[in-house]
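Number of protein chains: 2
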Amino acid sequence: MHLSSLNPRIEKVQYAVRGELAVRSEAIAEDIKKDANSHPFSAVVACNIGNPQQLNQKPITFFRQVAALTEYPDLLAPENRPTTSKLFPEDAITRAETLLRDMGAPSIGAYTHSQGILSIRRTVADFIRRRDGDAFPTPDPNNIFLTTGASSGVQTVLGFLIGHPDVGVMIPIPQYPLYSATLSLYGGKGVPYFLNEKEDWGMSVVELTESIAAARAKGTDVRALVVINPGNPTGQCLSRENMQEIIRFCHDERLVLLADEVYQVNVYDPDQKPFHSFRKILLEMGEEFSDLELFSFHSTSKGVVGECGRRGGYLECTHIDSQVMAQLYKISSVSLCPNVPGQLMVDLMTNPPRPGDVSYPQYEKETKGIFDSLKRRSTMLSDAFNNMEGVTCNPAEGAMYVFPRICFPKKAIKAAEEAGKLPDEFYALAMLDATGVCVIPGSGFGQEKGTWHVRSTFLPREELFDDFIDGLRNFHQEFMAKYKDE
Amino acid sequence: MHLSSLNPRIEKVQYAVRGELAVRSEAIAEDIKKDANSHPFSAVVACNIGNPQQLNQKPITFFRQVAALTEYPDLLAPENRPTTSKLFPEDAITRAETLLRDMGAPSIGAYTHSQGILSIRRTVADFIRRRDGDAFPTPDPNNIFLTTGASSGVQTVLGFLIGHPDVGVMIPIPQYPLYSATLSLYGGKGVPYFLNEKEDWGMSVVELTESIAAARAKGTDVRALVVINPGNPTGQCLSRENMQEIIRFCHDERLVLLADEVYQVNVYDPDQKPFHSFRKILLEMGEEFSDLELFSFHSTSKGVVGECGRRGGYLECTHIDSQVMAQLYKISSVSLCPNVPGQLMVDLMTNPPRPGDVSYPQYEKETKGIFDSLKRRSTMLSDAFNNMEGVTCNPAEGAMYVFPRICFPKKAIKAAEEAGKLPDEFYALAMLDATGVCVIPGSGFGQEKGTWHVRSTFLPREELFDDFIDGLRNFHQEFMAKYKDE
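Residue numbers (numbering that gives the first Met the number 0), protein chains in the order written: chain H, 0 to 485; chain G, 0 to 485.
Only chain H is shown next, with the shape it has when bound in the complex (with noise of 0.2 Å):
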């Protein structure tokens, strides 16, 4: 096997996100644990990907102290209850015994049913009818399917439409790379639509109807609409007005819709800017929008409960055909079942203390201080960038990335040229020298012709965001000052 041998579309894969950056930023944090004083700085900051437990967010106790409970079941025999009531509260030890209940297996040791276990499956329908409003049906527990995060979920959905290399999928840009990612490796087209950085990043239906006649004329056969929502790496939260827009653009142009809504939690303006899923808008514009075929995908990774390890996610399917869903069943089935603890969290990000519960009160303080947090260090964040000289930034509606874009003098594009990188490349290189902070640069999302962005997410602890600002706009002004035109 060499290079030149192997499936060409590998080769072809982009995937920034843990690209150079990440790679670079690994060995590091691999000189500091060798030698302290390897680095102008101490530590490496994980911006480039949205992790939050990497950078000490806390978990959620009661999820975990319900994981712990259904990995041993011992702890709930009767001659261990007394003692293990000591360490846990009394509605964990009962959701844990609901769980390994009704999960129609002994033991979170054994494959469950390909699309998951049906109780959470069940759990999982009434929290979209709790989201989305008692006017619609609860969904059918069949219609959904438990997913390895949402990236799995996301890449058998495009592994479906993508039936011969002319099949286009419209996917924005910027986009989180998974999406062109995928097109590459299964050798569809990505057909991409710009989102408008002057209105917030917002979508535009006269770019969509554009974009799809462009390719359309190249022969392109499109089938699908990506919508990142909030957005990714952008942050911008879609309106009810824009949402009914982009559902009537796919019901004319006959597109599967494609709803990835991972970052549904992460909305910091929700009195101006709520989140709607697309399932709730399409379900009220009615009977004529019934033969939309939508999926819909969410995820244990972000939110406030930021489980990225253990890998859980669902997949809503919406309007699908039943022999289509057949097949769905039958390739989940070759990879046997979601992991099981992924499955769980997606049960108890579903299903949280409710008011009442023992755990309600630290459950609530927990995720509210999270969530306020997390609000705070994205205004803050945008607003350093917007401080910093030739900078602006949008503000993070959702999602946990500012996406500042950053007007370069001459001298660093030279500079960059000289190095072999784009502008944004050169710079996120020179940032993680100087700050051991890694931000991705905007070229590997997408981005206008001529224009130039990083990501970053602001997941940094709170108590140290002042430092971590500091670091980023005194780097900011020797990199102008050393590159300025003169």
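In short, the hints are calculated from the structure, not lab data.
All C-beta atoms in this analysis are idealised placements derived from N, C-alpha and C, irrespective of residue type, glycine included.
One should not assume that every hint holds.
[Claimed, not checked] Each pair of labels, with its calculated beta carbon distance range:
id	chain 1	residue 1	chain 2	residue 2	range
1	G	A418	H	Y328	44 to 50 Å
2	G	D320	H	Y328	34 to 40 Å
3	H	E78	G	F370	46 to 52 Å
4	G	E416	H	V204	52 to 58 Å
5	G	T93	H	P77	23 to 29 Å
6	H	D290	G	F370	51 to 57 Å
7	H	D465	G	P164	56 to 62 Å
8	H	S321	G	D270	41 to 47 Å
9	G	S238	H	S84	53 to 59 Å
10	G	A35	H	Y328	25 to 31 Å
11	G	S238	H	F40	53 to 59 Å
12	H	G419	G	S3	45 to 51 Å
[Said to hold, decoys possible] Beyond 12 Å from chain G on every Cβ pair, some chain H residues (computed):
id	residue
13	E198
14	D270
15	F274
16	G389
17	C406
Fit chain G to the known structure of chain H by using the hints.
Chain G only, in chain H's frame:
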């Protein structure tokens, strides 16, 4: 989306292990839940899939203790330690602390390195050295990828190999259908080679040579050979000499070798037929074979661990080009990381308690109990099949399955045809309806033309085994009597 517009490869995928029989068995289980008298038996016995804990195999206590502590590290806090120590042995506490300290993140809720946690890959490397002997260097942890069960590793490697529709991969017949399913999905060609039922499902290089010649004559670009050792569904264990021949064959034919070794612990006559890893045999063969590329797969789902639900496993790369390795890392990174509870189980499986550890006696007792019982049940089941009319069954030298051959009366074959089924499907469906036992027809694995088999696990609990076998025997007698040729 309709069946006709989907990626046409999707429909071609077949995966019998969770196919019609499994779906029907689930429906029957639902019936029984509603009405205990709805079927002539009280429970479905899922012998369709190697899922030990579904059939009440107990998880290894030490493993689950460590898993629980890593889930809820508050148990390790000084104020809780005295209480925790009443519930958990000291070595489980120490192991959990070590895992948490070395994982490179403050929590198991963080995404890890895309290849898996480095300290765990080091543990795997040590395990491989201990298993294969000190004659060879410890593998480089960078050549090890932790995976989502073995399946995802297999799928990744096949995805790399299949660069165009004429790429062929040699697979055994009968085979575990992950291989044929993945080849269908990725658009490659399965190049079958037959295992020899008359010689304990042995592998013959003559057969391999004929098979590859026939495929190449038809224009297939044969690139790799899959070996499952111990075999699934056939249970055979390869001899050292046979493995050397296979390696020579791959070397001569310039094939990449994929060694599926997930049943390496399930070897029931280790004195006569010990397990050897392909890595060890390859390294023993010396410099001449240092360009033979080998991918080896292992899993937490089988052995005596049986932790199917957490989807843990690893892939080891031997003699793989560094540019290909870089691409493997990149593709892994698109899925972010394997789930952490699965990674932790790989650590525990490859570094269990040792003599002198507090938990060793219990670990030893549990694993020996499971192993010895599997061995007894394996013999009981193959003996039972051999005592049935028209049935011959090789003993399982390894793995978790027997694959008896059934010689059906002409009348049964005709009845199957009238029902639109293959004879082995017809038989397995009749068995399910009569006994609740779910086995998989040999046609799901491939078999020589004109022969018919079923695959059954020998995982029902030993105390239920007499009843289980009685049920099979009675069913078989009645089936054969009903369709007796006149």
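Hint check results:
1. Between A418 of chain G and Y328 of chain H the Cβ separation comes to about 24 Å, which falls outside the hinted range of 44 to 50 Å.
2. Taken as a hint, the range 34 to 40 Å holds for the pair D320 of chain G and Y328 of chain H, whose Cβ atoms sit roughly 38 Å apart.
3. The beta-carbon spacing between E78 of chain H and F370 of chain G, approximately 28 Å, falls outside the hinted interval of 46 to 52 Å.
4. Checked against the given bound of 52 to 58 Å, the beta carbons of E416 of chain G and V204 of chain H, roughly 57 Å apart, stay inside it.
5. A hinted range of 23 to 29 Å for the beta carbons of T93 of chain G and P77 of chain H is consistent with their spacing of about 28 Å.
6. Checking the proposed 51 to 57 Å range against D290 of chain H and F370 of chain G shows it holds: the Cβ atoms sit about 56 Å from each other.
7. Remark: the range hint 56 to 62 Å for D465 of chain H to P164 of chain G is upheld by a beta-carbon distance near 58 Å.
8. Distance hint check: the CB atoms of S321 of chain H and D270 of chain G are about 54 Å apart, inconsistent with the given range 41 to 47 Å.
9. S238 of chain G and S84 of chain H have their C-beta atoms about 56 Å apart, which keeps the hinted 53 to 59 Å range intact.
10. Checked against the hint of 25 to 31 Å, the C-beta distance between A35 of chain G and Y328 of chain H comes to roughly 28 Å, which is consistent with it.
11. About 57 Å separates the C-beta atoms of S238 of chain G and F40 of chain H, a value consistent with the hinted range of 53 to 59 Å.
12. Range check, G419 of chain H to S3 of chain G: Cβ separation about 48 Å, and the 45 to 51 Å hint holds.
13. Under the 12 Å C-beta cut-off, the non-interface status given to E198 of chain H relative to chain G holds; the minimum distance is some 31 Å.
14. The beta carbon of D270 of chain H sits about 30 Å from the closest Cβ of chain G, which is more than 12 Å, so the claim that it is off the interface holds.
15. Here F274 of chain H stays apart from chain G, with its beta-carbon at least about 23 Å from theirs, past the 12 Å limit.
16. With 12 Å as the threshold on Cβ separation, the claim that G389 of chain H sits away from chain G holds: the shortest Cβ distance comes to roughly 31 Å.
17. Residue placement check: C406 of chain H keeps its beta carbon more than 12 Å from all beta carbons of chain G (closest about 31 Å).
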